[in-house]
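K.L.:
Residue-level listing of the chains:
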Amino acid sequence: MDLSYTEQELAFREDVRDFLAEHLDPQVSQKVRTGRELTKAEMEGWHATLHARGWLAQNWPKSHGGAEWTAVQRFIYEEEAARASAPRIVPFGLSMLAPVLMEFGSKEQQDRWLPRILSGEDWWCQGYSEPGAGSDLASLKTRAVRDGDHYVVNGQKTWTTLGQFANMIFCLVRTDTECKPQEGISFLLIDMDTPGVEVRPIVLLDGTPEVNEVWLTDVRVPVENLVGEENKGWTYAKYLLTHERTNIAGVGFCQAGLDALKRLARTANHNGRPLSENPLFAARIAQVEIELMALATSNLRILAAAGAGRAPGVEASMLKVKGTDIRQAINDLARRAVGPYAMPFASEDVEGSNAPLPDPLNAGAVTKAYLNNRKISIFGGANEVQKNIIAKTALGGRG
Amino acid sequence: MNFDLSDERQMLSDTLRRFLADKYSSTLRNEVLSDPAGLSREIWSQLAELGVIGALFDEAQGGFGGAGGDIAVVFEELGRAGVVEPVLDTAVLAGGIIADLGNADQQALVEQIIAGELHVALAHGEPEARYDLPYVTCRAAEDAEGIRLEGRKAVVVNAEASEYLIVSAREAGGLRDWEGISLFLVPRDTAGLVLQGYALASRGRAAEVVLDGVTLTPEMRLGTAGQGGDALTKAMARSAVAQMAETLGAMHTACEMTQDYLMTRRQFGKPLGSFQALQHRVAEMLIEMEQARSATINALGHLDGPDRDRQISAAKALMGQIGKRIAEESIQMHGGIAMTQEYDLAHFAKRIIMGDHRFGDSDYHLERFIDLSAA
Chain A
1 MDLSYTEQEL AFREDVRDFL AEHLDPQVSQ KVRTGRELTK AEMEGWHATL
51 HARGWLAQNW PKSHGGAEWT AVQRFIYEEE AARASAPRIV PFGLSMLAPV
101 LMEFGSKEQQ DRWLPRILSG EDWWCQGYSE PGAGSDLASL KTRAVRDGDH
151 YVVNGQKTWT TLGQFANMIF CLVRTDTECK PQEGISFLLI DMDTPGVEVR
201 PIVLLDGTPE VNEVWLTDVR VPVENLVGEE NKGWTYAKYL LTHERTNIAG
251 VGFCQAGLDA LKRLARTANH NGRPLSENPL FAARIAQVEI ELMALATSNL
301 RILAAAGAGR APGVEASMLK VKGTDIRQAI NDLARRAVGP YAMPFASEDV
351 EGSNAPLPDP LNAGAVTKAY LNNRKISIFG GANEVQKNII AKTALGGRG
Chain B
1 MNFDLSDERQ MLSDTLRRFL ADKYSSTLRN EVLSDPAGLS REIWSQLAEL
51 GVIGALFDEA QGGFGGAGGD IAVVFEELGR AGVVEPVLDT AVLAGGIIAD
101 LGNADQQALV EQIIAGELHV ALAHGEPEAR YDLPYVTCRA AEDAEGIRLE
151 GRKAVVVNAE ASEYLIVSAR EAGGLRDWEG ISLFLVPRDT AGLVLQGYAL
201 ASRGRAAEVV LDGVTLTPEM RLGTAGQGGD ALTKAMARSA VAQMAETLGA
251 MHTACEMTQD YLMTRRQFGK PLGSFQALQH RVAEMLIEME QARSATINAL
301 GHLDGPDRDR QISAAKALMG QIGKRIAEES IQMHGGIAMT QEYDLAHFAK
351 RIIMGDHRFG DSDYHLERFI DLSAA
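Line by line, the protein sequences give chains A and B.
Sequential numbering from 1 applies to the first sequence in the UniProt record's numbering.
Sequential numbering from 1 applies to the second sequence in the UniProt record's numbering.
These aren't lab readings, by the way, just hints derived from the structure by calculation.
Note that beta-carbon positions come from the ideal geometry of N, C-alpha and C, so glycine has one too.
Errors might be hidden in some of the hints.
Stated by the list, open to error - Looking from chain A toward chain B, a few residues come up when the C-beta cut is under 10 Å (computed):
no.	residue
1	Ala133
2	Ser139
3	Ile202
4	Val223
5	Leu275
6	Lys368
7	Lys387
Sequences and hints are given; from them, build the entire structure.
P.N.:
Here it is as C-alpha cells:
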C-alpha cells in the first residue's frame, strides 16, 4: 500500500500541467469555468490540440495511435484538466465506439473508422435509447431488415447527445423479433447524411438543445456497416457500456465543481461575512469534499484492479451511483451559495448587449448546471438500474 | 382547534381551482413564459374579477380577506396549476407594504391593485445582500430639491411590468442596521431609474435596477423616515407563507404526475410503479407532503401572533428541504422525459426548487430559527 505517486507519475503531472498552460485557449477555459456552452469548433479544436500531442485517445493501445495510459495517468490528466477548466473529451467515438470496433470490428472497419475518430473527420453519436426503451434498453424496437447488400432501418432513437453535430451514429437495431429481446439486436453504423435520417432537437429543462431525437425512415445502410455478427449486438452494447464506465465516477468533474463552489462561497456574502466562513455552509462543503476524497481513491483502486484499458464490473455501478450523488450535491450547493442570483434563467441574459450590470457571482450558469446535471443519475443506466446490478451480484443465488 | 376551511375559503378555493383547470393549460403557460411581458394581462384581469387579489387584503384595505388562511388557499391553487402571473409580488409583497404603511393618497394604489389595474414590485435585495434583509447600501439623501436615491437593486421580480417600484434605501445607520431603512414609491418612468430585465428560471421576469440620481418628492416616502424595517419583515413573512403555499400546490402536482407516470410507463414488461423500490419512494414523498402541509399551516396560523418569525423560519426551513426532495425525486422517477422543457413536470420541479431562493432559503431559516429560539 502506497498512496504516493512515483517519480514518473509526478513528472507526467508536470507535463500535463505545462501542456495545459501552453495550449489551452483562455477564452475556452473561461467558458468551461463559467458553465457556458462550447461551440462545435471549440470542441473540435481541443480534440485537435490533444491529438497533436498524442493524448486524445488516452485508453487506446499504441498500435491504434492511442496513448495507452495507465489508470493513474488518466486520473492525473482528468484532475489537471478539470483544474485548468479544459473542455471535456467528447466520448462517443473515442471511448464508446472505438473499444467495440477494436474488440469486435473487422480489420477493414478498424482501418476505416478509427483514424477518422482520431483526426476528427467523423463526429459520432449514440443511438441506444428509444421512447419506449430507457432503463429497459433490450426492449428497443427500431427495426433493420436485410434487403440485398443493405439493411433498411426504421424507428426512432432519443436522448442522442450532441447529435446535431454528428455525421455518424452507432445504433442498436432489432434484426430478429422471434427470439428473446436481447438475442435479436444488432450493432449498426449509420451515416447521418443517408436519406431518411432526421435529427430533431429536444430542449432540456435548463434551456439547452443538448440532446435530440433521431428519426430513421427507410434508411438504407450497407451491410459492411454491421459490426461483428448479426443478432450479437447486445453483447457489444454491454461491452461498450462497461468502457463508458472507465470515467464513470466523474472525479475530475467533481473536483472542478468543488473548486468552483469554494470560489463562490468565498465571494458570496452571508450576514456581512463570506459564506465560506458560515459554519453551516462550511460543513456542507466539507461533507462533499470528504466524500470526494474517498471516491477519488475508490476510483483509482477499482480502475487499477481492473487493469489498464479494461473495465471494472459491478464496482463501476458503485462508482456511478456515488460519483453522480456527489456531483449533484456539489451542483446543489453551488445553486444555494448564490442565493437569489440562482433565479435568473441564464447568466448570458444578464450579461447581454452592453452589459452595464454584471451578474456579480455569475450565477445563472450555476442553476443551469444544477438542472442539467439531474440527468447524470438518469442516463447511462439510471442509478436504480445500477443498484439492481449491485444487489443482484450481492444477493443473487441466495434469495 | 379546527383544521377545516371556512365556507368562504372553501368556495374561493373551489372557484379558483375550476377557473384554472379550465383556463390555465400548459399551452397557455408556455405562451406566458415565452412572452416578453412575463405575464398575461387577460389572465390578470380575470384573476382580479374572481376576487383572487381582493382575498389577499383585509376589509379596511378594500379587500375581503388578508389573513394567513386566505393567502394559503389562493397560493396553493396558483401553485397547483403552475400560474406564472406575479400575484405574490404585486399583491402580497408590494401591495402588502403599501397597505401597511401608505397614507390616504398612497392607499388608493391598493384599490387599483385589487382591481387588477396596477402592478408594483418590491426592489429591496441588493447584489451583495444574498438573503440578509437589513443589508441596504442604497442611499437616500434629502435636500431642498427633494430626495435623491443612489444604488443598485438585484433580481427585482416583475419590475418591468410594474408601474411603481417600492425601493428600500438607507437614510441613516450602518450597513446592516434595521434602523434607518426607508421605503419609497418610485414611478417606473422616473429619470435615473434604469432596468435591465431577464427571464427567470422558473417563471416570469426580473430585473437588475440601477438608481442613478433618482429624485423624488417627500410624498413618495412610505411611512416614517428610517422606519421601514418592520413593514419589510412583515411583508416578507406574509410572502413566505404565500411562497410556501404555492410550493405546496406545485409539489402536489409533481407528486400526482409522478404517481400517474409510474402506473402508466412500462419497462421490463410491467408498470414502473410495480417495483417496490419505487413504491417506497412514492410513499416517502407522500409522508413528506403531509409534513409540508403542516409546516405551512403552522406558519400561516402564527402570521399575526408574537411567535411569527420563529414559526415562519421553522416552516420555511422544512419546506426548502422537502421541496428539494420532491422535485428531485419526481424528476428521477420520471427519467429522461422530465428533463425536457416541454414536459410539465420540468416546470413544476423548477418552481419548487426556485421557491427556496425567495424570502430566505432553508439554511437561512434554519439559522434564524436557532437565533430566535435562543432569544
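K.L.:
Each hint needs a verdict: does it hold in this structure or not?
P.N.:
These are the hints, each one checked on the structure:
Checking Ala133/A against chain B by beta carbon gives a least distance of about 8 Å; that is within 10 Å, so the hint holds. The interface hint given for Ser139/A is met, as the beta carbon of that residue sits about 7 Å from the closest beta carbon of chain B, less than 10 Å. Checking Ile202/A against chain B by beta carbon gives a least distance of about 5 Å; that is within 10 Å, so the hint holds. The beta carbon of Val223/A comes no nearer than 32 Å to any beta carbon in chain B, farther than 10 Å, and the hint placing it at the interface is violated.
Hint status for Leu275/A: holds, given a least beta-carbon distance of 7 Å to chain B, under 10 Å. Given hint, Lys368/A at the interface with chain B, holds; its Cβ is 8 Å from that chain's nearest Cβ, closer than 10 Å. Against a cut-off of 10 Å between C-beta atoms, the interface hint on Lys387/A holds, since the closest Cβ of chain B lies about 7 Å away.
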